[in-house]
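Residue numbering for the sequence shown follows the working numbering, starting at 65 and increasing by one per position.
For the record, the hints were derived by calculation from the structure and aren't laboratory data. Mixed in with the good hints, there may be bad ones.
As the list claims (entries may be wrong) - Listed next, the in silico DSS-like pairs over lysine-lysine satisfying Cα-Cα at most 27 Å (straight line):
{"hint": "1", "residue 1": "LYS128", "residue 2": "LYS249"}
{"hint": "2", "residue 1": "LYS110", "residue 2": "LYS128"}
{"hint": "3", "residue 1": "LYS218", "residue 2": "LYS249"}
{"hint": "4", "residue 1": "LYS110", "residue 2": "LYS210"}
{"hint": "5", "residue 1": "LYS210", "residue 2": "LYS128"}
{"hint": "6", "residue 1": "LYS108", "residue 2": "LYS71"}
{"hint": "7", "residue 1": "LYS208", "residue 2": "LYS218"}
{"hint": "8", "residue 1": "LYS71", "residue 2": "LYS110"}
{"hint": "9", "residue 1": "LYS128", "residue 2": "LYS106"}
{"hint": "10", "residue 1": "LYS106", "residue 2": "LYS71"}
{"hint": "11", "residue 1": "LYS108", "residue 2": "LYS128"}
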Amino acid sequence: MRLLVPKPIVVVLTVNGHPVRALLDSGSLGDFILTAIVDQLKLKRKAHETPIPLHLAMQGSKTKITASVEAKIQYQTIRENRTFHVINVSNYNMILGTLFLYQHQVYMGLNPARAMIGSEVSLPIEQGVETKPVISSIEYDDPKVKEARALLTKLAEPLCKGIEETGLPPMHVINHEIPLLDVDKVYSWRLSRCLEMF
């Protein structure tokens, strides 16, 4: 069986004056650049203190982003410095995801393939129905996070009592003895047998 599929939208833009192939991807939540391009163009990497998880479309398939770079890009009327996450992209030098598409109001179409830029400058991303927060971007040293952690710890203190404060019986060793209430009582018992297989 022969299957024909439309080609994705790939554009050529310049990164620090060098031509680079970039995939316009409305399914990607970030902007990415190939590790080899970073090395070839000698872009300065900025390592992340905490690696950011990168979830791919396939279930169970994920990797981590450990660095990002800033580069000067030029495409049509866009000229700006932009931050890209460094990953091993296959088949493309860059991926321009929803971040780029949203900030530049990009209109895309596949039949025929086209991409139109709506805004030369990056528009700010504001919280609303068209946006969502990225949990992995939370800074754990943020004063608000520290304040919330201290409040939760204080609220959980009544739940974390010592054994003597709970009213439960004391802890025993594994081979401890339990005294019988009536030493003269005879307990009926039955010989245990394993069930037959058939």
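Status of each hint after checking the structure:
Restraint check: the Cα-Cα separation between LYS128 and LYS249 comes to about 66 Å, which exceeds 27 Å; the hinted pair is violated. A distance of roughly 15 Å separates the Cα atoms of LYS110 and LYS128; the hinted pair therefore holds under the 27 Å criterion. Pair hint LYS218 plus LYS249 does not hold up; C-alpha atoms about 51 Å apart against a cutoff of 27 Å. Pair hint LYS110 plus LYS210 holds up; C-alpha atoms about 25 Å apart against a cutoff of 27 Å.
For the given pair, LYS210 sits about 25 Å from LYS128 by alpha-carbon distance, which is consistent with the 27 Å threshold. Distance hint between LYS108 and LYS71 is unfulfilled; the C-alpha atoms sit about 32 Å from each other, more than 27 Å. For the proposed pair LYS208 and LYS218, the alpha carbon gap of about 15 Å is at most 27 Å, so the pair holds. This hinted pair does not check out: LYS71 and LYS110 have alpha carbons roughly 33 Å apart, beyond 27 Å.
Restraint check: the Cα-Cα separation between LYS128 and LYS106 comes to about 22 Å, which is no more than 27 Å; the hinted pair holds. Between LYS106 and LYS71, the direct Cα distance comes to roughly 31 Å. Violation of the 27 Å bound is thereby established for this hinted pair. This hinted pair checks out: LYS108 and LYS128 have alpha carbons roughly 19 Å apart, not beyond 27 Å.
When the structure is compared with the earlier hints, violations turn up for hints 1, 3, 6, 8 and 10 and for no others.
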